[in-house]
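Asks: If you're matching them up, the sequences are chains F and B in order.
Be aware that the first sequence starts at 1, since it is given in the working numbering, and climbs by one per residue.
Be aware that the second sequence starts at 1, since it is given in the working numbering, and climbs by one per residue.
Because the hints were derived from the structure by calculation, they are not lab data.
Hints may be right or wrong, so weigh each one.
Claimed, not checked - Dumping the calculated DSSO-like pairs for lysine-lysine here, alpha-carbon to alpha-carbon at most 30 Å:
| # | chain 1 | residue 1 | chain 2 | residue 2 |
| --- | --- | --- | --- | --- |
| 1 | B | K158 | F | K81 |
| 2 | F | K372 | B | K255 |
| 3 | B | K151 | F | K76 |
| 4 | F | K95 | B | K151 |
| 5 | F | K81 | F | K8 |
| 6 | F | K490 | B | K233 |
| 7 | F | K100 | B | K255 |
| 8 | F | K100 | B | K233 |
Stated by the list, open to error - Covered stretches of chain B (chain F as the covering partner; in silico rule of three or more C-beta atoms under 8 Å from a C-beta of chain F):
| # | region |
| --- | --- |
| 9 | 32-38 |
| 10 | 121-128 |
| 11 | 162-171 |
To be verified - Have a look at the derived ranges for each label pair, beta carbon to beta carbon:
| # | chain 1 | residue 1 | chain 2 | residue 2 | range |
| --- | --- | --- | --- | --- | --- |
| 12 | F | T368 | B | D209 | 45 to 55 Å |
| 13 | F | N238 | B | I210 | 17 to 27 Å |
| 14 | B | R277 | F | K398 | 25 to 35 Å |
| 15 | F | T368 | B | L68 | 48 to 58 Å |
Positions of the beta carbon are idealized from the N, C-alpha and C atoms, including for glycine.
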Amino acid sequence: MQLEAALKQLYDFSEFRTGQREIISDLLKGHDVLGMLPTGTGKTLIYQMAAHLLKGRALVVSPLVSLMQDQVDQFKQAGFKRTVALNSFLTHDEKQAILKQIKDYQFVFVSPEIIQNPFIRSILLSVEWSLFVVDEAHCISQWGHEFRPFYLDLAGMKKEMGKPLCLALTATATPKVRTDILHHLDMNDAKIHVHSINRPNISIFVEYFEEYEQKFERAMKLVEKLKGPGIIYTNTRNAAEQLVMLLQEHGVNDVAYYHGGMDPDERLLVQKQFLQSQLNLIACTNAFGMGINKADIRFVIHFHTPSSIEGYIQEIGRAGRDSKQSVAILLYHPADLEIPFHFIDHELPDAAQIDYLFSDHMQKDHHTFSEKLQLAGLSETGYRFMEYHLNKNGLLNKSGISVDEKTAFKLRLKQKIEQRKAEKIKSLRMIETWVTDIDCKRKGLLNYFGENEFEQTDFCCSNCEAEISFFYGSHDQRNTFYEHWEEELKRLFRQEVYKQA
Amino acid sequence: MDICHVVILDVLHKVNGSRRSSGIYYILTGKKTSQSLSDSQWFGVEHYYAALKGLTYADFTEKIENLLNEKWVTSIEDQVYKVSRQGEQVLLIEKKKLSFLKNLNGLKYTSIESLCWHVLTLYVQALSNSLYGNLEYSPIVRDHRAVQKVKSIFPRSKTERKEKAESLYREMSQLLLNLDRLSVDVFVRKLSGYNRIGSTFEQIARETDISQRETILRFRSVLHAIIYNSVVKHQEFPVFHSLFCSFTDLPALTKSALRTYEMLNNGKTLQQIMELRNIKASTIEDHLVEFAREISEFSIHPFIDEEEIQEVKKFYNSTKENRLRPFKDAFPHLSYLQIRLVLAKEGGNYAAGSSA
Ligand SMILES: Nc1ncnc2c1ncn2[C@@H]1O[C@H](COP(=O)(O)OP(=O)(O)OP(=O)(O)O)[C@@H](O)[C@H]1O
Ligand SMILES: [Mg+2]
Ligand SMILES: [Zn+2]
Chain F
1 MQLEAALKQL YDFSEFRTGQ REIISDLLKG HDVLGMLPTG TGKTLIYQMA AHLLKGRALV
61 VSPLVSLMQD QVDQFKQAGF KRTVALNSFL THDEKQAILK QIKDYQFVFV SPEIIQNPFI
121 RSILLSVEWS LFVVDEAHCI SQWGHEFRPF YLDLAGMKKE MGKPLCLALT ATATPKVRTD
181 ILHHLDMNDA KIHVHSINRP NISIFVEYFE EYEQKFERAM KLVEKLKGPG IIYTNTRNAA
241 EQLVMLLQEH GVNDVAYYHG GMDPDERLLV QKQFLQSQLN LIACTNAFGM GINKADIRFV
301 IHFHTPSSIE GYIQEIGRAG RDSKQSVAIL LYHPADLEIP FHFIDHELPD AAQIDYLFSD
361 HMQKDHHTFS EKLQLAGLSE TGYRFMEYHL NKNGLLNKSG ISVDEKTAFK LRLKQKIEQR
421 KAEKIKSLRM IETWVTDIDC KRKGLLNYFG ENEFEQTDFC CSNCEAEISF FYGSHDQRNT
481 FYEHWEEELK RLFRQEVYKQ A
Chain B
1 MDICHVVILD VLHKVNGSRR SSGIYYILTG KKTSQSLSDS QWFGVEHYYA ALKGLTYADF
61 TEKIENLLNE KWVTSIEDQV YKVSRQGEQV LLIEKKKLSF LKNLNGLKYT SIESLCWHVL
121 TLYVQALSNS LYGNLEYSPI VRDHRAVQKV KSIFPRSKTE RKEKAESLYR EMSQLLLNLD
181 RLSVDVFVRK LSGYNRIGST FEQIARETDI SQRETILRFR SVLHAIIYNS VVKHQEFPVF
241 HSLFCSFTDL PALTKSALRT YEMLNNGKTL QQIMELRNIK ASTIEDHLVE FAREISEFSI
301 HPFIDEEEIQ EVKKFYNSTK ENRLRPFKDA FPHLSYLQIR LVLAKEGGNY AAGSSA
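Here chain F stands alone, though its shape is the one from the complex:
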């Protein structure tokens, strides 16, 4: 009962959501925990509260470098002011300033890559930690959809930290991935809390199109009819921009696109506008996915089929985080998966890039492999992959390699790459099968995660004859009443009492 009181006091929530209470209580008893809870249930609250009640410091590993600062903002807004993020976006001076005061923080978010830096690591290790949190823990497994090689070294970090309490969290781990998490994090005695990935308040629709162009018409119609706010996911930046242009041409103005190629200042504005409901719709790539938390998103449209079932679940998981009824609609065209198939070939380093990195010409210039990597023209994933393997083999800060070593290393790399590619292709095949299947959509998703039973829900899916019109409605128009600059200045600085809409 004490826990409920703390929940009320800290957050003003009246009850725990599925799984939260049990996990917190196990942590307080001193057990490591692997928690799998559906998207949007409140995994963040678990480690916030646990660290608070343990009166200790928590190190939180998260792969979402670009969203880390948002998480920090949200912590601060929730009253946990002593929160900070350490990642590659910071300048040298900023990092120094944070590290100097590391003792004063209660929550420190880090990327798995940054704790490889010996200096940063040594500072982190100089203070005591009560909780080691691995968020989005599926990234540790190469069978997971977002494999991040540096997650594999977290067990080492944990050990050096003196084995604090360890909490691994994810929304999307298949049984195989869960085994991997426990194994790689060295969590042999952990309590395991696995809940259904099901989000009963999200209805699932899949629609099929023969002509790619028809999807645009359909998307426009849906946006016009559905009650917002909403998100449209696309596979490419271009498609996101194109959709927004079309919508604006049709007089829909409270929309914007969001993707990794934008100016960071402008991107942040778009994100905040959306979170504040100044925008009703955002069209984006999956750069706006995992971790994004806005309570009242009513619909998620997939303009293209995503490249894995896990990714799909993460993305539709942005909807209905306030537990209200919401809808996910996927617009499928057989050519959708061509782009992700193409990505697979380009994401990981190819033979030519690897040869380049180890060519004799490159050997001569005395640069370290770490420096040469920058020149090899790799994708972000490819870069991370190479960085990890070079580091693991102690090569990252060297500039040369013997002929024998080179041959063996190159061979190993190529095997790893082939293995990864095969996995990715399998993922694509799986989602393709799911999309085209005529069985209950929800059941298909649950089966994929090894679940065989679930409660029948209302408005289940397009194959259970749910009606999309149920989700129609007009969104609450939010007036941002910008009329004239002089008025707006007065309003901003509250120079007169202003009528509020």
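Could you slot chain B with the ligands onto chain F? The hints should help.
Replies: Below, chain B with the ligands without anything else, positioned relative to chain F:
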């Protein structure tokens, strides 16, 4: 008419065939070489420095093609253009419509404008929200330096916040009332505060029906005017001054040059600096030219006699020559560095005089 055309035309006009178009491209996109830095001053186009940041070279040449097609410029040599009579007339008319362009101060402020803007917009957002009692807003600026700055000057008490809001409101309206309406409108739409997150350039461009490039230029012209006034009229604009002074007080030098400057001030010799920092003589020379241009207290007398300075100036006045080579031919005993120092030190004045 596309604003890029006007800007390019204006610069071509001022340069008057003394530079290739690539040199003009570097000025307009704000390339940090001593050549484009001193050129922009030399030709009196320093306000346009970095005006078209981000423009690709292909786009730039296309714009020049357009100007040629309109017969507003003529090509006098490969890649060298002069503005035609017809072009001059067009320019005159267009510039009247775009009076905000004169408020740009690119050479002076490109290096600090984004930091200044971050401080201003975050300060306004924080202040506005606190005035309405909303302490849980989510900051729209991530830039650590700006966050620190705002934290360090943010008024602590409610009364103080009210006072600051009133003063800032007064300063802002006073300043904005003297600028053109459209630019001011763009600027205020970009601000964030209670209940409203500022708009992106793209949104503003759509809402005000002007091109994105023009939106950005109008925004920057207002920002530059604010920074400028915070310096020269700091008594009239104390809040603006308090926001920007730690950035405007620093000379606008490249990072590397700033280090050299600090070391010089700490009593190191040029030789020592070259050794300590492992940099070449030519780099140090570029730094010296930067000092001559940016720092009014920096004297070039240790490098060249007053008499010779006067000779070089005289030569410039009689020839209106803008290239280094003829100077070198006329003064074979002077080094390129010496000539460049004089031109950098005096450049602004001369160029301004020549365009009148
Ligand atoms: N017990 C609760 N009662 C009501 N709301 C809650 C409760 N716990 C958490 N929430 C809210 O649920 C929302 C989602 O939480 P959070 O972002 O932690 O989800 P998550 O499980 O990490 O999801 P994801 O896997 O998508 O990252 C937050 O807005 C949070 O305030
Ligand atoms: Mg989460
Ligand atoms: Zn169903």
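Asks: Holds or violated: B/K158 and F/K81, Cα atoms, limit 30 Å.
Replies: holds (21 Å)
Asks: Closer than 8 Å Cβ to Cβ for three or more residues is the test here. Does the region 162-171 of chain B pass it with chain F?
Replies: Check passed, 4 qualifying residues.
Asks: Straight-line Cα separation of F/K490 and B/K233 no greater than 30 Å?
Replies: holds (23 Å)
Asks: Assess, step by step, whether the Cα of F/K100 is no farther than 30 Å from the Cα of B/K255, and give holds or violated.
Replies: With Cα atoms ~24 Å apart, F/K100 and B/K255 stay inside 30 Å; holds.
Asks: Does the Cβ-Cβ separation between B/R277 and F/K398 fall within 25 to 35 Å?
Replies: For F/K398 against B/R277, whose Cβ atoms are near 27 Å apart, the range 25 to 35 Å holds.
Asks: Taking the CB of F/T368 and the CB of B/L68, does the distance hold inside 48 to 58 Å?
Replies: holds (49 Å)
Asks: Three residues or more, CB to CB closer than 8 Å: is that satisfied between the region 32-38 of chain B and chain F?
Replies: violated (count 0)
Asks: Falls inside 17 to 27 Å, the C-beta gap from F/N238 to B/I210?
Replies: holds (25 Å)
Asks: Compare the distance between the alpha carbons of F/K95 and B/K151 with 30 Å, and conclude whether the hinted pair is satisfied.
Replies: holds (18 Å)
Asks: Under the criterion that the straight-line Cα-Cα distance not exceed 30 Å, is the pair F/K372, B/K255 satisfied?
Replies: With a Cα-Cα distance of about 25 Å, the restraint between F/K372 and B/K255 holds, given a limit of 30 Å.
Asks: Between the alpha carbons of F/K81 and F/K8, is the straight-line distance 30 Å or under?
Replies: holds (19 Å)
Asks: Count the residues of the region 121-128 of chain B with a beta-carbon closer than 8 Å to any beta-carbon of chain F: does the count reach three?
Replies: holds (count 3)
Hints 8, 9 from the list above are not met by this structure, while the remaining hints are.
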